[in-house]
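The whole structure should be built from the sequences, with the hints applied where relevant.
Residues per chain are reported as follows:
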Amino acid sequence: MEVFDIFLLEAVLNGILLGGLLALLSLGLNLIFGVIDVVWICYAEMIMIGMYAVYALHVQQGWPLLAAMAAGIAIVALLGALMHQFIIRPVLSAEPINQLLVTGGVLFFLQAAATLAFGIEFKNLGVKLPPVAIGEMSFSMPRIIAFVVAVAGVAATYLFLTRTYIGTAIRAISQDREIMPLVGVNPGRIFVVTSALGGSLAGLSACLLVLQYDIHPAIGLSFGPITFLICVLGGLGNMLGGLIAAFIFAQFISVGGFVLAIEWGYVIAFVFFIAVMFWRPQGILGGK
Amino acid sequence: MLSISNVSAGYGSFRALFGVSLEVKAGESVAVIGPNGAGKTTLLRAISKLIDLTGGEVTMEGRSLRQVAPHKVIATGIAHVPENRRLFPRLTVEENLKMGSFPVSSRTRFPEKRKFVFDLFPRLEERRNQLAGTLSGGEQQMCAIGRALMSGPKLLLLDEPSAGLAPVVVQSIMQMVKRICAEGYTVLIVEQNIRQVLKVVDRAYLLETGRIKSSGTAAELLASAEIRKAYLGI
Amino acid sequence: MKILLLALLALLAGTPFYGLGNYPLHLVIMCLLWGYVYTSWSIMGRLGLVSFGHGAFLGIGAYSVVMLWNHFGVSPWIGAIAGVIVSALVAVIIGLPCFRFKIVGHYFALVTLALSEVTRLIIVALRDQTGGSLGATPNTALAQGNAWSLGALQFSDKVVWFYAILVVWLAGLWVWAKVDRGMTRLALEAISHEEEAAASIGINVTRSKLFVTLISAVMTSLGGVLYAQYQLYINPETVSGIGISLQMVFGVIAGGMYVMLGPTVGAVFTLLLAEGLRLALGDAFKQFPALDLAVYGLMLVLFIIYLPKGILGTALEALNKRGPAAR
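Protein chains in written order, with this note's numbering: chain A, 904 to 1191; chain B, 2 to 235; chain C, 517 to 843.
There may be inaccurate statements among the hints.
What the hints assert, rightly or not - Computed footprint of chain B on chain A, listed as stretches where at least three residues anywhere in the stretch have a Cβ under 8 Å from a Cβ of chain B:
| id | region |
| --- | --- |
| 1 | 955-968 |
| 2 | 1078-1089 |
Claimed, not checked - A few chain B residues that face chain A, going by a derived Cβ cut-off under 10 Å, partial list only:
| id | residue |
| --- | --- |
| 3 | Leu88 |
| 4 | Lys99 |
| 5 | Met100 |
| 6 | Gly134 |
As the list claims (entries may be wrong) - Between beta-carbon pairs, the in silico distance windows are:
| id | chain 1 | residue 1 | chain 2 | residue 2 | range |
| --- | --- | --- | --- | --- | --- |
| 7 | A | Arg1080 | C | Gly621 | 15 to 23 Å |
| 8 | C | Asp696 | A | Met1044 | 54 to 62 Å |
| 9 | B | Asp53 | C | Leu536 | 53 to 61 Å |
| 10 | A | Ile1165 | C | Tyr534 | 46 to 54 Å |
Source of the hints: derived by calculation from the structure; they are not laboratory data. Because the structure is a prediction, the values reported are computed rather than measured. Note that the Cβ used here is the ideal one computed from N, Cα and C, for glycine as well.
Here it is in structure tokens:
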């Protein structure tokens, strides 16, 4: 029984580590939704592109890992800005569901593009980091790094949004889009900046995921849905709610996965999500 | 300073303004008065380019605003306090002021301008870290005017500052307007509360169904039989 | 117009006798099968109930028949009924709260997306029974040279399948038209546009929405049954989860959501696109297996931006503009 408890504790701690990463994953999507009012169904695929970018630069081109990661973040940030300029902007005034669907088209496209460029075989960086042992518990090093960096990324985003003019404008535009020109803000530009910022958060997530997981073209499907659900659970566009929801979900996945099997952890998390939607359709922290 | 000639504008097929012309000279305070739905708000929105003109011309200090992008209007020295104040409710008072100095040229003067606004409205300094959405109506109006002053404008457009406020608060808002004029700002104010506004402005235009019906000094309009009968109920 | 359609139908019904060979016949069958599934989806979708979760119903149908047959020897006819009942239950469990709490738009799409993922994950998690991601094959009933087994719903002859699926497809269109023209049509149009207004003129919004959801779910689930029995192989990715769910939505969008044959046109378009690219590129296609998907994704984006009414919807509109008598 004692052994069981120590493993349960390990599962809970692993859940917290996972929560940090999920929080970062959902932050970018939430930011974009909060400001532009569009859900990027292809957000996870942009992360996948970031993972391949790091892989290509580091493994194929021989760049140092950190340089490859920095470039990866920049590439996905650029992708985010292009995404807004060429895909979202033309449908900004279309029906919301068309906006959702157009990003779904991008999802297929990015998946296919990755398959064309890299094939369907699993790729990895080949970076092996030793696990960290605490007492009888053992934690994976990439997970710990991911947690620390993710928390730092969330904090940096928070500071950017609260301390800078652009960041304040990003928060302001989600509260009153129409009057932004009266204070000298060009909403179109803020949208592009937000999309690039969302992209760079996707890029950062990619750097952390690529340390833990093999890359393949469909990997976005394995964590994309969970990211959307976290955002919805926290109240779409509500960044604080998203952070809390990320940690709740992570516990379901980690502890549920420990007690049963990993898929059941996800099933429980998804069923929990559906149940919460009926209880509070606006999300746990949603207003209205 | 601001010259509006023969301006027409509307929303879709609905026309709200029909060839409106008016003039605001530097240092003046001018009111546009008129009933609900006369096109007063549309006029200010047309000046700030929140809506497009269908005809006519707006010039600021001799420069046409025709080619100016909406978010660049503020750089010509026009600051617009919109109808219903439109603060960012989930930003603090200070952050709202910060948004007021968003144009890059205004940012360096942020501390100086903020001090000016806080001196003008000490109440705002007390509430600087409070969310704007939680302020009282009068305080919100102060914050909205303060936000507009942050860019260091030459001309202030005020849209119905007294709307939805208690009579006592209306009086103090009008005193604020008077002080702003005294500070050397040029003011164009749109109001339904004709009696109050005519006490604080130099001149006024009467706008009805999208057309200027009459104009004159505040004293002249207050004395005019037409206005006394239709709007002041005397 | 009616005569033209009947002539086309007659032409279609004769497909097996044109000596096309097995593979083209297979393609036609797949067009009809997916046309039927897309039509089922659009019964809901055209009312603004954009479901990203129809993979769940497809998966429930497909796995119900195969699992009951393989593990308990239950005839697919019974299995299909079981699948339909389970799908209907799931549709009510998800639909009722959604409609009652007015979960619409983005939120509805994402809740249903969760549903399709739950289904996929459960199938994977039950790998001891379902074979997990490796998929499952119904035990064959066609040993000893039997060409067909009605009880096991297995036919080696594609011609049988062609007619069976042709009939189902026609039935699907009939239901579509029935719902479209039926008593509830005005009510449904009102719901999709102005929910409050619909409620205020005495339409029971929740009940009407639930009604179309049930029809759509049950039809989709039957599509899953047919898919499993025809292909004799299913796996969680192809009959459930976010991928197939999105594919249904896009097929319908590409073809046109608001016209009866739109979803079918979407199915034909997407299948022919893949085949066309395969033929055009020949060997190169083998090196670039995802090229059709890339083109597909790109076209979807262009479609939604420039052709939001879909191929058939836009074509019909253009026809109507040229001559109002044409339709």
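* **Hint check, Lys99 (chain B) versus chain A [nearest Cβ-Cβ separation less than 10 Å]** => 6 Å, holds
* **Outcome for the supplied range 53 to 61 Å, where the beta carbon pair is Asp53 (chain B) and Leu536 (chain C)** => At roughly 59 Å between Cβ atoms, Leu536 (chain C) and Asp53 (chain B) fall inside 53 to 61 Å, so the hint holds.
* Could you check if Gly134 (chain B) really has its C-beta closer than 10 Å to a C-beta on chain A? => Where the cut-off is 10 Å and the nearest Cβ of chain A is about 9 Å from Gly134 (chain B), the hint holds.
* Asked: Would the stated hint for Met100 (chain B) survive a check requiring a Cβ distance to chain A of less than 10 Å?
  -> This interface hint holds because 5 Å falls under the 10 Å limit.
* Examine the region 1078-1089 of chain A for residues whose CB is less than 8 Å from any CB of chain B, and state whether their number is three or more. => The restraint on the region 1078-1089 of chain A holds, since 11 of its residues have a Cβ under 8 Å from chain B and three suffice.
* Asked: Can the suggested window of 46 to 54 Å be confirmed for the beta-carbon pair Ile1165 (chain A) and Tyr534 (chain C)?
  -> 51 Å, holds
* Are there at least three residues in the region 955-968 of chain A whose beta carbon sits under 8 Å from a beta carbon of chain B? -> violated (count 0)
* **Distance restraint hint 54 to 62 Å, applied to the beta-carbon atoms of Asp696 (chain C) and Met1044 (chain A)** => The hint (54 to 62 Å, Cβ to Cβ) holds, given that Asp696 (chain C) and Met1044 (chain A) are roughly 59 Å apart.
* To do: Evaluate the given range 15 to 23 Å for the C-beta pair formed by Arg1080 (chain A) and Gly621 (chain C).
  => 18 Å, holds
* **Given hint Leu88 (chain B) near chain A, where the shortest CB pair must fall under 10 Å** => 8 Å, holds
Hint 1 alone, counting from the list given before, is not met by this structure.
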